[in-house]
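Peer 1: Fit chains B and C to the known structure of chain A by using the hints.
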Amino acid sequence: MRASLFITCYNDTLFPETGRAVVRLLERLGVEVEFRAGQTCCGQMHANSGFRREAFCQARRLVRMYADAEAVVIPSSSCVAMIRDQYSGLFEDLGDEPLRREFAALAPRVYELSEFLIDKLGVEDVGAAFPHRVTYHASCHGLRALELGERPFRLLGKVRGLELVRLENPDRCCGFGGTFSVKNGGVSSAMLAAKLDDVLRTKAEFCTALDNSCLMHLGGAMHRQSQGMKTIHMAQILASTEDQPAESMQ
Amino acid sequence: MSALAEHEVIDRPILDPALAPPFPVAALPLLRNTQLRGNLAHAIDVIQARRARLVEEKTDWQALRAAASQIKDEALENLGALLEQFEERCTRAGGKVHWAADAAGARKIILEILREAGVDQVIKIKTMTSAEIQLNPFLEASGVHACETDLAEIILQLGDGEPSHIVVPALHVNRGQVREIFARRMGIEHLSDDPKALTEAARNYLRQKFLTVPAAISGANFLIAETGSVVVVESEGNGRMCLTLPQTLITLAGIEKVLPRFNDLEVMLQLLARSATGERMNPYTSLWTGVTRGDGPQRFHIILLDNGRSSILARKTGRQTLRCIRCGACMNACPVYRQTGGHAYGSVYPGPIGAILTPQLEQMRHAQSLPFASSLCGACYEVCPVRINIPEVLLELRARVTDEERKGLSRFFDPMYIGLRAAHAMFSRARLFHAAQRAGRIALGFFTRRDGWIHSLPGVGAKWTVSRDLRGLPKQTFHEWWQGRTRGTREQRRYRA
Amino acid sequence: MSVSADSRKQILERIRSATQSSAPAANTNGGTRQYQIRGKLTAAARKDLFVERLREYDAEVVECEPEELENAIAAQLEASGRRRFVAPPGLPAGWLVPAAWKITGFEWDIDHDLPAGEIEKAEGVLTGCFCGVAESGTIVLHHSAMEGRRIITLLPDWHLCIVRATQIVETLPEYFDRCENRGEGSKGTKVQGNAPIGEVPGLVTWISGPSATADIEMTRIKGVHGPRFLNVIVVNDGDQGSGAGG
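From first to last, the protein sequence lines are chains A, B and C. One gets our numbering by counting positions in the first sequence from 1 and adding 318 to each. One gets our numbering by counting positions in the second sequence from 1 and adding 517 to each. One gets our numbering by counting positions in the third sequence from 1 and adding 145 to each.
Simulated from the structure, these hints should not be mistaken for laboratory data. If you're wondering where the values come from, they're calculated on a predicted model, not measured in any experiment. Think of the CB as a built atom: it goes at the ideal place given N, C-alpha and C, for glycine as much as any other residue. Hints may contain errors.
Claimed, not checked - Computed list of lysine-lysine pairs in DSSO-like fashion (alpha-carbon distance at most 27 Å, straight line):
| # | chain 1 | residue 1 | chain 2 | residue 2 |
| --- | --- | --- | --- | --- |
| 1 | C | K185 | B | K613 |
| 2 | B | K726 | C | K367 |
| 3 | A | K548 | B | K992 |
| 4 | A | K548 | B | K980 |
| 5 | B | K575 | C | K185 |
| 6 | B | K726 | C | K266 |
| 7 | B | K992 | B | K980 |
| 8 | B | K625 | B | K726 |
| 9 | C | K266 | C | K367 |
| 10 | B | K713 | A | K501 |
| 11 | A | K501 | B | K625 |
| 12 | C | K266 | B | K713 |
| 13 | B | K575 | C | K266 |
| 14 | B | K625 | C | K154 |
| 15 | C | K154 | B | K833 |
| 16 | C | K367 | B | K713 |
| 17 | A | K521 | A | K548 |
As the list claims (entries may be wrong) - Cβ-to-Cβ under 10 Å is the rule here; a few derived chain B residues that face chain C:
| # | residue |
| --- | --- |
| 18 | E601 |
| 19 | A623 |
| 20 | E670 |
| 21 | Q674 |
| 22 | S746 |
| 23 | V750 |
| 24 | I829 |
| 25 | K992 |
Okay, chain A solo, but in the shape it has when bound:
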């Protein structure tokens, strides 16, 4: 099995440790990982900000780049949701039927990380060890667009030493929403405060998710308030073993 890693623009820039963890995890599971150096962005930021033409160009770029990939793995639920929910419409509206067909052929081979592990590789126990108290934040896109359901819990449940604490109001948004966090900074901060209350109440050491954008938001508030809890992408937990623990977030 050969998987092409689409790291996403913000993980590449801000969270390289997540990418490193995906590589380590997949290689440990016997997957050959490739990384196409021309990759940039899926177009989510532009599509969600009303720049559809720009998003279209980025979408076209991605579809062409991965047309021949055996599988595309993306450690970001919102970027996968962008591809799945918006690409078809973009290609249709901006009148590129061949591209829409090309995309339709690629779409079934695009996986969010937990989907790839469970649906494609058929593993739940990835041989990880992470002896910490952890809570899981279901990002809105993972929850509603991808309907990841119990997948994240099935993976976390098999991690040695991991104590999982379920979050209250698990379906409530953290308030990030891309440019929303800046355009509506006040409301976004209020949503974040409400979410953070629920997260901190778990008294976990780590808050994990399948999307670093939510974690950047939550982690930024935790750091501002000097809370002891840290954020960590689930790839890093799953890559972690007794011999080689996860790279520190800081």
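Peer 2: Chains B and C only, in chain A's frame:
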């Protein structure tokens, strides 16, 4: 400080999209109002819990949603013919059908009917459509007092407040505040803040009006083309009073309210109450057809209002907005609405549905900040009983706002616009993207503290650091790490941009 | 009114150009009815569910056999502590003057177009119904001669409604199906005033519990403007068909 004093420091919210401040500005005083947010969160939690329980017991919920969206789509597809059919059947049954292209037209028709009936007072059932056309202040200025009869609307009318929710308009007011308003405006000396006593006070206050005021105004939840009937869904019985006791009844209905068949109600009535108030069925639903001799109003007028709706009908993505049955489930589920309540939306239609409906009704001339008042979490779509894909419509409206910006002057000044255009240029070539990453590392380096975190940023960035730190950029991007790891392999050269 | 006529033309033109379609809607239920139409319960379970749901709305419910109905009505009237009642013109005479009941002194106003002021003086109202829907605890009035004009079930503070078990359906769609076959549900009653258009009723009131509000802090308060008390007698008429009135 008494509950009221706190209530009074808030400026009266502006619910006219043409005059209201942008959402982020309107939200600020609301975010600081802990009393209001507390009232709101409590009320929402109660409705949400009830709704969740009742939806769960309904095993065919998804099939009902599918049927409802199908019925509404079919109605919208055939809207012209169905309205004509409704008109013909309603007229045959003794009703008088009027058409109003806009708010001013509807107001004029209503006033003429009231003048003809010779009344200076009219009782009203809660109708969002009448709020949309700003009917009450118009009637007041024309010498007709419009007396609201829904408990929440009385609270707002007597307390000089504005609705913050389409189903529970006084959601943001607590019992202490209601007690104060009723005691002051109804002249009751000793009134407890027990909701039972407050409800009793409203009952007594209105009883005489129901029996004596000769004209009423209602909205409509559904119009039935097949029979020319009108349906009103309510809880308190004030609706039945207005629909039954006065001699003249005027119903104001948006053109999108029409359903093809009587039978379609078997779907809509199962969805509406569960979604709106978390009940299996609301206490009272009334259906009438024109005029019935000896029973109820003997003069019935209905006004079919367009006011921007036909322009929504013409939009491929936007059309689904007109499926809305005004249940309010989307606002109850919305994490943004939960923080601000309805007043921030600058319209009588708040929450996610308001964020898509208002700008479209205004034909994108006003309320352009509303499509951005969402984190796109999708909770609204999940609960919508007629499956309106609100996030999808929000994105389409954002694109329409941006397309306007492309033509305007703001493209030269707006930092978000410039930033996103620059980002696009950068994403179109990996080399540029990588160069930007390196430049960003240097630039943000100046703001990064010794702990590796950024605590404050200038410009647009300050809107992030107002409540959140940002981790400084790492020394090495992922692709730099990968490059180092596999330097020299053929693979990597093949895909380099 | 020329404003309205101009608007009519304008609106219909806008709609036509937006939809590019003027085909009248087909007169069949739109799309597929994949949701639950038929109930699954036995007659007894259906009746029990109806009673349970009504009670959840704070309605008072008693059950009786057909031959006990008049006594049951009398007992309800007596227990209500009220004396003056209004009734629609089509009720069986036995319901109004409970022959076997020792206490007399109930005052009946039969609604032959009584003025609102008279109805307002009544303390209660007694009616039949068109149908009961178990799943939602709903009583449906079509305002026939046994159900009366809308006003009589609105102004009095106390409503006693007689529902025969054979009038109870399990699901709301079953009620709608029954509307297309009107004879079954309202045997023996004549439609008064408002004749049905086609096969569906022209006047309907769906009642689910006494009037209520939750407008103040989402606290459910029973009884705002409509009747504050809803009492129901369910008559176990089994398969005897139109046993109403006994």
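Peer 1: Indicate, hint by hint, whether the structure satisfies it.
Peer 2: Going through the hints against the structure:
no. : hint            : verdict
1   : C:K185 x B:K613 : violated (44 Å)
2   : B:K726 x C:K367 : holds (21 Å)
3   : A:K548 x B:K992 : holds (20 Å)
4   : A:K548 x B:K980 : holds (23 Å)
5   : B:K575 x C:K185 : holds (14 Å)
6   : B:K726 x C:K266 : holds (16 Å)
7   : B:K992 x B:K980 : holds (25 Å)
8   : B:K625 x B:K726 : holds (24 Å)
9   : C:K266 x C:K367 : holds (21 Å)
10  : B:K713 x A:K501 : violated (43 Å)
11  : A:K501 x B:K625 : violated (40 Å)
12  : C:K266 x B:K713 : holds (23 Å)
13  : B:K575 x C:K266 : violated (42 Å)
14  : B:K625 x C:K154 : holds (18 Å)
15  : C:K154 x B:K833 : holds (23 Å)
16  : C:K367 x B:K713 : holds (8 Å)
17  : A:K521 x A:K548 : holds (11 Å)
18  : E601            : holds (7 Å)
19  : A623            : holds (9 Å)
20  : E670            : holds (9 Å)
21  : Q674            : violated (13 Å)
22  : S746            : holds (7 Å)
23  : V750            : holds (9 Å)
24  : I829            : holds (8 Å)
25  : K992            : violated (54 Å)
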